[in-house]
Amino acid sequence: MINLLKRKFALSDKGAKDMIIAIIAVVASNLALMFPVSLLYMFTGDYINGENLSAKIPFYAVGIIICLVLILITTIWQYNATFFATYIESGTRRISLAEKLRKLPLSFFAKRDLADLTSTIMSDSEALEHAGSHQIPQYYGSIISTLIICVGLFFFHWKMAIAAVWVVPISLIIVLTSKRVQNHFTRKQVAAKIDLNEGVQEFIETSRDLKSNNAENEYLDGLVNYPLSKANGLPASSSS
Amino acid sequence: MEEKKKPSAFSVLMKYAGGHKALTYLSFVLSAAAAVVGLLPFVYLWRIIKEVIEVNPNFNEAVNITHNGRMAVLSALVSMLVYFAALMCSHVSAFRVAGNMKKELLKHIAMLPVGFADEMGSGKVRRVVLDATSSTETLLAHNLPDMVQAVVTPICMVVMLFVYDWRFGFACLVPVIIAFAMMMRMAGPGMQEDMRNYQNALENMSNEAVEYIRGVPVVKTFGQTVFSFHRFKKSIDEYSDFCIHYTKSCRTPMVLFTLFVNTAFAFLIGLTLFLTKSGNYTQDILINFLFYVIFTPIIVTTMNRVMFMSENTMQINDAITRINSILDIKPLAESEKTESPNGTSVELKNVTYHYSEDAKAAVDNISIKADKDQIIALVGPSGSGKTTVAGLISRFFDAEEGTVKIGGADVRNINKNTLMNTVSYVFQDSKLLKRSIADNLRIAKPNATDKEIAEALKAAQCSNIIARLPQGINTVLGSEGTYLSGGEQQRIAIARAILKKAPVVILDEATAFADPENEALVQKAFTELTKQSTVIMIAHRLSTIRNADKIYVLDNGKVVEEGNHEKLIKRSGLYKSMWDEYQKAVSWKVGKTV
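The listed protein sequences derive, respectively, from chains W and G.
Residues in the first sequence are numbered from 1 upward in steps of one, following my numbering.
Residues in the second sequence are numbered from 241 upward in steps of one, following my numbering.
Read the hints as simulated data drawn from the structure, not as lab findings.
Quick caveat: nothing in here was measured; it's all calculated off a predicted structure.
All residues carry an ideal CB built from backbone N, CA and C; glycine is no exception.
Fair warning: there could be bad hints in the mix.
Stretch-level coverage of chain W by chain G, calculated; a stretch enters the list once three of its residues show a Cβ under 8 Å from a Cβ in chain G [to be verified]:
id : segment
1  : 3 to 13
2  : 100 to 109
3  : 147 to 161
4  : 164 to 171
5  : 174 to 183
6  : 210 to 216
When you get a sec, could you build the whole thing from the sequences and use the hints?
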C-alpha cells in the first residue's frame, strides 16, 4: 500500500505514510459529520413518540457538545494531516529532485532547454503539492467513509438502506461502462493537444525562418485550422 | 483592491467570446433555473413527511404521497437536465474563449520582433499560449455557473424562510453567516500581504532553481562543490517555511468555517427544545423542524463550493497576467508611407541599437555600406555586434538612431513582404520544419516545381543528403529517425535561399562543423548562393572572406577598421592580430591531424 502510493504520487517513505494518515483523517472527519445526523434522528423520534423533551434537555445539550467537539477535533486533524504534511513533503521532493539532477550525466543537460526543464519541474511539483493537499486524501477518504456509512445504514432499516444506496452500484456501472467512450474521446483530445503543442513549439522556434520567408501567416493558418480547432472543439469529458 | 484597477477576469475573458457571449449568459440563466428547480424535490419530500405526520395514525388517508413522490423525482430530473444544458452552453463558450485567446496570441507573436521568443524562452511562450489560456476553461465552464447557484440558492432559502417559519430559517442562517464571516477573515488585507509574500517566495525559488540547474553542467565539468545547491535549498526551505506559516494562519478560520457550516443541527435542536419548553408539542413545530432538517445539507454543499472558488479566481488572474505579458509587447511600428527599394545597395548610417534599456549599445553609431553585387564581410570577436547589424538590415528590430536603407529606401517604410522578398537570411542555426525537404524549400517559393527544387538542392551541395534519405526530397524530417546534422541543415537552408533568389543575401556562417568535409561543402554552397547578389557575410573563418570587396572589423558595437584583406593586413591592427591567431589555429589543427 505504501509502495503503491509512493510510486503513484512520487512520494518519499514518510510522505506515503503521511498520505495514509491524511486519508484516515479525512475518513474520521467525514464520519464525525454523521453524528449530528444520528442526533437529529433520535430527536425526531423522541418528538414523534411524544417523549418529554424538557426532561431530555441535558441529554441533547451533552450530545450537541460531543458532536461539535468531534467535528472540531477531526477537522483540525484533517487540516494538519493534509496541508502541513503536504508542504513538508513538497520541500523534501524538490530537494531530492535537485540532488537527482546533480547526478545526471552531462549529455542530459546538453540536449535540453534548461529554463524549460526548470519551470516544468517547478510547476509539476506545485501540481503535486496541490493534489496532495486538496485532492488525493479527499478522494480516497470519501470513498472509504461513504462505504462505512452505507454499511451503517443497513443496521437501521435494511429496506430503506437499499432504497438509499441502490444508486451507488448503478452509477458505478454507468461510470465503468462509459469509460470506453470517455477514453476514446479523451485519447482523441490528447492526440490533438499534442499535435497542437508540437505545432506551437515549432512555430515559436522557426518563426525567424518563417518570417524571413513571408511564410508565418500560412503556417499559422494551418495550425489554427487543424490541431487548434480539433483540440478545442471536443467536449472535455475529463474536466468535469 | 486590485479589482478596481483592472477589469475583472470575467470581462477580460468575455472579450474573446465573440458570438459565444450569449451562450455564457444563457448558461447562467439555466444554472439559476436548475438551482431553483433543484430545491423542489426537497419541498415534495417534506410534503410527504408532513402528510404522514398529519394523518398519523390513519395512514390510508395519505392519498397524495404517490403524486408528491412522482413530482420529487420529476423535478430532480428536470433540474439535472437543465443543469446539464447549462454546462453544455458554458463548456462550448469556454472552449471557444480559450481557442480564440490562443489564436490571438499566435497572431500577435507572428508580428513581434524576431528574437522575442529567445528572450522570453520558447518553452515559456508555448506554455502561455497553450496552458495559461486553457486554465481559464474551468472558470467559465464550471465555476461561474456554480457561482450563480451559490447566489440563487441562499436567496430562495431566505424567501422560504419567510414563507414557512422565520424562527427556524433564522436558526439555519446564523451558522452560515458566522461561517461566511470566517471566510472573509481569511480573505482580508492580511491575506493580500501573505499572497504577495507567497508569490515572492515562489519566484525566488524559481530563479534559484534556474541558477542551480544552469550551474550543474559547469559544476560537473570543473568538479566543483555545489555552492548554488545550498542557495537553492535555502530558497526551497524558505518557501516551505512560508507555506507552513501561511497554512498555520489559515487553520483557525478554516476549521471554524467547517465547524459552523455544519452546526445548523445544533441550532435547530436548540430552537425546538426552546419552543417546546412549555410542553407545547404541536405538529406544526415538528413539521417545520423537519423542513429545515431536510434543507440544511444544501446549505453546506453550496457554501463549500463557494469556499474553494477563490483559489481558482487567483489562478485565472495569474493566467491573464501571463497572457498579457505577451500581448503587451508592441509589434514593430507600421509606417504610413511606403517606399520600394530601388536597386540592391545596403546602407547603415549612424545606427545605434540597445537590446534593452540598461544594456550597453549592441551597435553604437555604426555606418556600413554595400554597393550592388558587392560582398561585404563583418568580422570581430563575439558580442561585437555582427548579428545585430544583420538583424537590423532584415528589420528584425528597429534602429533607435540612424537609418537602415536598402536600395535607397528606409527599411521601416518598406512593406514587410517586399522586404523579406528582397532579403534572404541564412541563419547560423536555421530551423527546419518537420515536413518534407521539398516542403521546407517551398516555404521560400510556394509554387516551385520539383525540378527547381532539385536544382536548388544540387547547387547547395545537398545531393548526398538527398541520396541518403529513404524518400528523397519527399522524406519528412524527424520521421523514422531522419535527422540532419547542423551543417546539413544549413545546406538545406542555403538551398532555400537559392530558390528564393533574393537580390540581398545575409549569411551567418556556422561557427563549428562536425567534420571538414561538411565545412567544404557549405563553403561551396555559399559560393553558389552569392552569385549575383549583394552579400553581407558574418564570417567566423577568416579564410572565407579573403575575396570580400570590403571587410568591416567590429569591436564593442563600433567599426574599428574597414577595407579589403590586403589593406587591413598592412594596417597591423585588430584584423592583423585576428588573422595571425587564425593562421596559428589552422596550422595547429593541420599539424594535429597529420
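Hint by hint, here is what the structure shows:
no. : hint       : result
1   : 3 to 13    : violated (count 0)
2   : 100 to 109 : holds (count 5)
3   : 147 to 161 : violated (count 0)
4   : 164 to 171 : violated (count 0)
5   : 174 to 183 : violated (count 0)
6   : 210 to 216 : holds (count 7)
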